[in-house]
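A.B. asks: If you want the building blocks of each chain, they are given just below.
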Amino acid sequence: MKLHPIDDRVVIKALESETKTKGGIVLPDTAKEKPQRGEVIAVGRGKMLESGKIVEPTLGKGDKVLFGKYAGTEIKVDGVEYTIMRESDVLAKID
Amino acid sequence: MKLHPIDDRVVIKALESETKTKGGIVLPDTAKEKPQRGEVIAVGRGKMLESGKIVEPTLGKGDKVLFGKYAGTEIKVDGVEYTIMRESDVLAKID
Amino acid sequence: MKLHPIDDRVVIKALESETKTKGGIVLPDTAKEKPQRGEVIAVGRGKMLESGKIVEPTLGKGDKVLFGKYAGTEIKVDGVEYTIMRESDVLAKID
Amino acid sequence: MKLHPIDDRVVIKALESETKTKGGIVLPDTAKEKPQRGEVIAVGRGKMLESGKIVEPTLGKGDKVLFGKYAGTEIKVDGVEYTIMRESDVLAKID
Amino acid sequence: MKLHPIDDRVVIKALESETKTKGGIVLPDTAKEKPQRGEVIAVGRGKMLESGKIVEPTLGKGDKVLFGKYAGTEIKVDGVEYTIMRESDVLAKID
Amino acid sequence: MKLHPIDDRVVIKALESETKTKGGIVLPDTAKEKPQRGEVIAVGRGKMLESGKIVEPTLGKGDKVLFGKYAGTEIKVDGVEYTIMRESDVLAKID
Amino acid sequence: MKLHPIDDRVVIKALESETKTKGGIVLPDTAKEKPQRGEVIAVGRGKMLESGKIVEPTLGKGDKVLFGKYAGTEIKVDGVEYTIMRESDVLAKID
Chain S
561 MKLHPIDDRV VIKALESETK TKGGIVLPDT AKEKPQRGEV IAVGRGKMLE
611 SGKIVEPTLG KGDKVLFGKY AGTEIKVDGV EYTIMRESDV LAKID
Chain G
561 MKLHPIDDRV VIKALESETK TKGGIVLPDT AKEKPQRGEV IAVGRGKMLE
611 SGKIVEPTLG KGDKVLFGKY AGTEIKVDGV EYTIMRESDV LAKID
Chain V
561 MKLHPIDDRV VIKALESETK TKGGIVLPDT AKEKPQRGEV IAVGRGKMLE
611 SGKIVEPTLG KGDKVLFGKY AGTEIKVDGV EYTIMRESDV LAKID
Chain C
561 MKLHPIDDRV VIKALESETK TKGGIVLPDT AKEKPQRGEV IAVGRGKMLE
611 SGKIVEPTLG KGDKVLFGKY AGTEIKVDGV EYTIMRESDV LAKID
Chain B
561 MKLHPIDDRV VIKALESETK TKGGIVLPDT AKEKPQRGEV IAVGRGKMLE
611 SGKIVEPTLG KGDKVLFGKY AGTEIKVDGV EYTIMRESDV LAKID
Chain H
561 MKLHPIDDRV VIKALESETK TKGGIVLPDT AKEKPQRGEV IAVGRGKMLE
611 SGKIVEPTLG KGDKVLFGKY AGTEIKVDGV EYTIMRESDV LAKID
Chain R
561 MKLHPIDDRV VIKALESETK TKGGIVLPDT AKEKPQRGEV IAVGRGKMLE
611 SGKIVEPTLG KGDKVLFGKY AGTEIKVDGV EYTIMRESDV LAKID
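Residue numbers (this note's numbering), protein chains in the order written: chain S, 561 to 655; chain G, 561 to 655; chain V, 561 to 655; chain C, 561 to 655; chain B, 561 to 655; chain H, 561 to 655; chain R, 561 to 655.
Chain S on its own, in the form it takes in the complex (with noise of 0.2 Å):
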């Protein structure tokens, strides 16, 4: 299944944060941190401006991204978990 985000929206899938402390132990999922950190999976086209102008998206699949632990809708498909949310929303490229 594909999704096409409307607008100058993002799908975004979270990168678990790391579940091993420092000194090596395996953390159990309830003490493990709201991922703030993902994939970009599919970009919409972009914002539109009053003037009607499509902006094109600086952002684009692969991308890794962070984001706020609020922004966007949570949603799963078939199973899986996304954010999608507007790029505006997103906090930083990171590479």
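To be clear, the hints were calculated from the coordinates, so they are not data collected in a lab. Values in this document were obtained by computation on a predicted structure and should not be read as measured data. Each residue gets a CB set at the ideal place from its N, CA and C atoms; glycine is no exception. A portion of the hints provided could be inaccurate.
[Unchecked claim] List time: in silico DSS-like cross-link candidates among lysine-lysine, alpha-carbon distance up to 30 Å:
1) B:Lys562 to H:Lys624
2) C:Lys629 to V:Lys607
3) B:Lys562 to C:Lys624
4) B:Lys607 to C:Lys621
5) R:Lys653 to H:Lys621
6) B:Lys594 to B:Lys653
7) B:Lys629 to V:Lys636
8) V:Lys624 to V:Lys607
9) H:Lys629 to B:Lys607
10) C:Lys624 to V:Lys636
11) V:Lys624 to C:Lys624
12) R:Lys653 to R:Lys636
13) V:Lys562 to V:Lys624
14) S:Lys613 to G:Lys624
15) V:Lys573 to V:Lys629
16) V:Lys573 to G:Lys636
17) V:Lys607 to G:Lys621
18) G:Lys636 to G:Lys624
19) B:Lys562 to V:Lys607
[To be verified] Output of the computed footprint for chain S on chain R, the stretches with three or more beta carbons under 8 Å from beta carbons of chain S:
20) 567 to 575
21) 610 to 618
22) 631 to 637
[As the list claims (entries may be wrong)] Short derived list, chain B residues pointing at chain H, Cβ under 8 Å:
23) Met561
24) Leu563
25) Asp567
26) Val571
27) Lys573
28) Lys629
29) Thr643
30) Ile644
Since the structure of chain S is provided, determine the placement of chains G, V, C, B, H and R on it from the hints.
C.D. replies: Using the frame of chain S, we list chains G, V, C, B, H and R on its own:
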């Protein structure tokens, strides 16, 4: 009866999520999650920009879409539940 | 008495939902849902854009419409209840 | 004393709703609904658009209008209660 | 000390409401309503439009005005209470 | 250390209100009102309009100003308390 | 790992406030105030105006800045805490 959404609204009919667990157990209604997947039943003429120009909708009848749990307004017409929202509140088209 | 809504407002008279259940039982008032279907009684001259230009309403007198439970302002005129809202708060026209 | 509303405001004097029930019983003040019908006493010069242009008001002195229960600001001048609101908060003109 | 309000603000000195009842009884302070009538003490240079153009204020020093109970910011200067608000928050000029 | 406010912000150092009552009694800190008078220590380059044009600030270093109790952000730099706010949140200049 | 903030965002690394009191006592973490001073680690391409034009950021890598206690989003990358906010939410540059 035919529905003609106002402006850039779309009428969506929710697609029920799977009511069987992976182990084959049929879930009762109360154990099911609120569906976030639906089919577009009707679209409006599009959004009006401040210039008065109408922007054609990008979604069309029959499109499968994802939407947030709290997006739009639910309304029952002839016993059928619909969710009506602005196109920009739809998260993504799926195919 | 005639009503002339201001700007892009419309005056709607609610159409009572069916008060009989499928089994033919007449429901008391308290068991009825707040109606979300109505008939347009009057429309304003339309919305003014920032340029000062007036955009003609798309709805007209006699149109049947759907609206959200919390949309608009209810007002009683000569003992009759109306709901007055901006055209853009109407969800859809039905026919 | 004369009132000159600022911008696109209008000064409205509420018209008391009927204080007799259909059966002819005079209602005490506490049993009366807050009036939502009034007469326009004064209008401002109109709304200023972002361009600086003034849009003339559509309402005029003497117009009978409907307004929401929570619209505008109530103010007592020389013992008389007025409601002052922007013209766009008036719901409809009646005649 | 002279006050120069910023932008489209006006400085208002409240005019005390009558402290005698119609029957001639002098009311204690706690029984008086918060005044909503005042005199304009100073006006700013006016509102800046998005184009950068300044719109001259319509109110001037000495004007008597009405304002809402919760409008503006109260500030004490040399022991005197003033209310400073944007001109567009003033309800009406009175004369 | 020098402060360069961003955009149309101004840095204000509060001027303590008189700590003696008219009768000459020195008030303890807790009995003093939060000061609402201050001196402008630094100004930014000004506000950017939607056109990208910068509007020069009207306030300058050394100006005495009035501001609301809840305006701006308080920040301590090298042990000194400053309030930083947008110029449009300053109520008035005093001289 | 490199951070590329989206739009007009900046990535800031907090500069710890002094942990010694004037008397030379080292303060434990819980007694320290949340830092409001930081160093800019990375800046985005700038803010997009409604016309689609990009406005270059005024801050650059290495700038020391002040920010409000509740500004921006905190995010941990490789064990280091950063605060990411829009440039317009930064209060002032210091030098």
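A.B. asks: Each hint needs a verdict: does it hold in this structure or not?
C.D. replies: Hints and how they fare:
Taking the CA atoms of lysine 562 (chain B) and lysine 624 (chain H), the gap is near 11 Å; set against the 30 Å cutoff, the hint holds. About 23 Å separates the Cα atoms of lysine 629 (chain C) and lysine 607 (chain V), which keeps this hinted pair within 30 Å; it holds. Restraint check: the Cα-Cα separation between lysine 562 (chain B) and lysine 624 (chain C) comes to about 44 Å, which exceeds 30 Å; the hinted pair is violated. Between lysine 607 (chain B) and lysine 621 (chain C), the direct Cα distance comes to roughly 28 Å. Compliance with the 30 Å bound is thereby established for this hinted pair.
Between lysine 653 (chain R) and lysine 621 (chain H), the direct Cα distance comes to roughly 16 Å. Compliance with the 30 Å bound is thereby established for this hinted pair. With a C-alpha separation of about 18 Å, the suggested pairing of lysine 594 (chain B) with lysine 653 (chain B) holds against the 30 Å cut-off. Straight-line distance between C-alpha atoms of lysine 629 (chain B) and lysine 636 (chain V) comes to about 29 Å, which keeps the hinted pair within the 30 Å bound. With a C-alpha separation of about 20 Å, the suggested pairing of lysine 624 (chain V) with lysine 607 (chain V) holds against the 30 Å cut-off.
A distance of roughly 23 Å separates the Cα atoms of lysine 629 (chain H) and lysine 607 (chain B); the hinted pair therefore holds under the 30 Å criterion. Distance hint between lysine 624 (chain C) and lysine 636 (chain V) is fulfilled; the C-alpha atoms sit about 15 Å from each other, no more than 30 Å. Taking the CA atoms of lysine 624 (chain V) and lysine 624 (chain C), the gap is near 27 Å; set against the 30 Å cutoff, the hint holds. Distance restraint check for lysine 653 (chain R) and lysine 636 (chain R): the Cα-Cα separation of roughly 24 Å lies within the 30 Å cut-off, and the hinted pair is therefore satisfied.
Taking the CA atoms of lysine 562 (chain V) and lysine 624 (chain V), the gap is near 19 Å; set against the 30 Å cutoff, the hint holds. Proximity of lysine 613 (chain S) to lysine 624 (chain G) is assessed by CA-CA distance (about 26 Å); at most 30 Å being required, the pair is judged to hold. Between lysine 573 (chain V) and lysine 629 (chain V) the alpha-carbon distance is near 14 Å, which keeps this suggested pair within the 30 Å criterion. Restraint check for lysine 573 (chain V) and lysine 636 (chain G): the C-alpha separation of about 18 Å stays at or below 30 Å, so the hint holds.
A distance of roughly 28 Å separates the Cα atoms of lysine 607 (chain V) and lysine 621 (chain G); the hinted pair therefore holds under the 30 Å criterion. Simply put, lysine 636 (chain G) and lysine 624 (chain G) have alpha-carbon atoms about 20 Å apart, close enough for the 30 Å limit, and the pair holds. Straight-line distance between C-alpha atoms of lysine 562 (chain B) and lysine 607 (chain V) comes to about 44 Å, which puts the hinted pair past the 30 Å bound. Closer than 8 Å: that is the beta-carbon criterion, and the segment 567 to 575 of chain R has 3 residues meeting it against chain S, so the requirement of 3 holds.
With a threshold of 8 Å between beta carbons, the proposed coverage of the segment 610 to 618 of chain R by chain S holds, since 3 of its residues qualify and at least three are required. Given a C-beta distance limit of less than 8 Å, the hint that chain S covers the segment 631 to 637 of chain R holds, as 4 residues qualify and 3 suffice. The interface hint given for methionine 561 (chain B) is met, as the beta carbon of that residue sits about 6 Å from the closest beta carbon of chain H, less than 8 Å. With a least beta-carbon distance of about 5 Å to chain H, the hint placing leucine 563 (chain B) at the interface is held under the 8 Å criterion.
Restraint check, aspartate 567 (chain B) versus chain H: the minimum CB separation of about 6 Å is within 8 Å; hint holds. Look at valine 571 (chain B): its Cβ gets to within about 6 Å of chain H, closer than 8 Å, so that hint holds up. Against a cut-off of 8 Å between C-beta atoms, the interface hint on lysine 573 (chain B) is violated, since the closest Cβ of chain H lies about 13 Å away. The criterion of a C-beta within 8 Å of any C-beta in chain H is not met by lysine 629 (chain B), whose closest approach is roughly 17 Å, and the hint is violated.
Interface hint at threonine 643 (chain B): violated, since its Cβ lies 10 Å from the closest Cβ of chain H, which is beyond the 8 Å cut-off. For isoleucine 644 (chain B), the suggested interface contact is upheld, since its CB lies about 4 Å from the closest CB of chain H, less than 8 Å.
When the structure is compared with the earlier hints, violations turn up for hints 3, 19, 27, 28 and 29 and for no others.
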